[in-house]
Amino acid sequence: MAEDTQQTGQDSTDAKRPGVDRKLLEFLVCPVTHATLRYDAEAQELISDAAGLAYPIRDGIPIMLPEEARELKAD
Amino acid sequence: MTDPMQIFDPTALARNRSGASRRVRSGNTHAEFLFEEVADRLLDRLDDVARPFAAALELDARRGIVAAGLRDRGRAETVIAADRDAGFAERCRHAGLPTVRAGHDFLPFAPGSFDLVTSCLALHWVNDLPGMLVRINRMLKPDGLFQAALFGGETLTELRACLMDAELEVTGGVSPRVSPMVDLRDAAGLLQRAGFALPVADVDRITVTYTSPFTLMAELRAMGEGNAIGERLRRPTRRAVFLHAAQLYADRHAGPDGRIPATFDVVFLHGWHPAESQPAPLRPGSAANRLADALDGKEASAGDSVPKKPN
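If you're matching them up, the sequences are chains P and L in order. Going by the UniProt record's numbering, the first sequence wraps up at 75, each residue one higher than the last. Going by the UniProt record's numbering, the second sequence wraps up at 311, each residue one higher than the last.
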């Protein structure tokens with residue numbers, strides 16, 4: 001059935017976690033506001049301050065779906 | 001209630017595609033042959049475009065065949081694969097493509113990002129195709145190319161008619177089972193309306209034969225192309241409907257070998273983001289030479305009667 005998704009990307013910076021393609025990040029904007037995104041390498045998230053959303057990056061794949069994004073608390 | 005403006009049900013579509021990606025991930029790519037065939041045709045058409053593409057995007061990339069082909073043929077420096085489905089996105093990433101999960105309504109790309117946007121057999125599931133084409137056009141650089149293939153025209157016309165007739169005879173009513181299809185003239189018009197320059201739409205007919213209508217329907221489901229129409233019948237269809245439809249299909253279409261044909265019309269869309277370097281007609285009234293001079297004739301003003309030639 002489902003195969004192991006633990007393969008490592010060539011551009012991996014962390015042996016356990018396939019890294020996101022840096023070139024890819026240059027193309028991405030927030031799908032809701034079209035504003036530029038901040039890349040949080042530690043949390044593996046792309047943050048849209050304008051929309052108050054953090055889009056997760058899993059296995060090197062940015063998930064640019066508003067319904068899967070984490071809502072940032074305004075404080 | 002389903003939204004009447006939404007022909008297709010996004011939840012059903014996501015479920016269908018996720019079923020297809022699970023099958024592909026388990027190594028069963030048998031039902032993928034139409035996608036492979038049309039991806040090849042798209043790539044061959046792109047080979048006819050002389051210049052290379054610096055940045056390219058494949059939407060609804062599935063396994064990323066077109067994207068990987070562009071990369072492997074040396075046609076594009078950077079090729080990004082986008083697919084909403086987690087399983088397909090994983091396949092693209094596995095193929096070494098920079099991959100992003102993205103849907104149709106919210107595209108995460110800046111305006112003027114790409115020299116090429118392509119899509120293979122997916123846009124027939126978009127609810128708002130005119131809006132989608134506008135969004136695609138916006139992502140292109142000036143003189144960037146949009147080239148895509150989608151099912152349209154007479155696709156599954158045999159199945160549509162047989163299911164409709166069978167359901168009407170058996171239950172006394174009909175429910176939508178085969179998607180409405182875009183026709184060629186509509187397609188060209190949509191490209192123009194979305195602001196593409198030099199828009200072209202053409203169609204390739206691919207006829208596939210199957211051992212029975214049941215094999216055809218099973219294969220459509222395996223492709224993730226099962227019924228996702230919002231107004232589809234939500235309760236199970238009576239078996240008698242399918243049995244009668246299969247009988248009608250065989251009676252009307254079966255060849256001497258007993259196999260039944262299914263029509264797939266693949267509509268190819270082709271348009272450019274406008275740029276000043278593109279050939280364009282001159283503005284009316286901007287002519288620098290008189291037509292009368294070119295014809296070596298005498299000019300008469302509009303409304304005047306043409307003087308009779310003396311005999």
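Because the hints were derived from the structure by calculation, they are not lab data. This structure is a prediction, so every number in the text was calculated from the model and none was measured. It cannot be assumed that every hint is accurate.
[Claimed, not checked] Calculated pairs, SDA-like style, for lysine to any residue (alpha carbon to alpha carbon, straight line, at most 20 Å): (1) Lys23(P) with Ala54(L); (2) Lys23(P) with Ala95(L); (3) Lys141(L) with Leu24(P).
[Stated by the list, open to error] Calculated from the model, a selection of chain P residues having no Cβ within reach of chain L, i.e. all distances over 10 Å: (4) Arg38; (5) Pro66; (6) Leu72.
[Stated by the list, open to error] DEER-style ranges, computed between Cβ atoms: (7) Arg22(P) with Arg252(L): 33 to 41 Å; (8) Glu67(P) with Arg252(L): 25 to 33 Å; (9) Asp49(P) with Ser277(L): 47 to 55 Å; (10) Lys73(P) with Pro142(L): 50 to 58 Å; (11) Glu67(P) with Asp143(L): 49 to 57 Å.
Glycine residues also receive a C-beta, built at the ideal position from the N, C-alpha and C atoms.
If you check each hint against the structure, which ones fail? 5, 7, 8, 9, 10, 11
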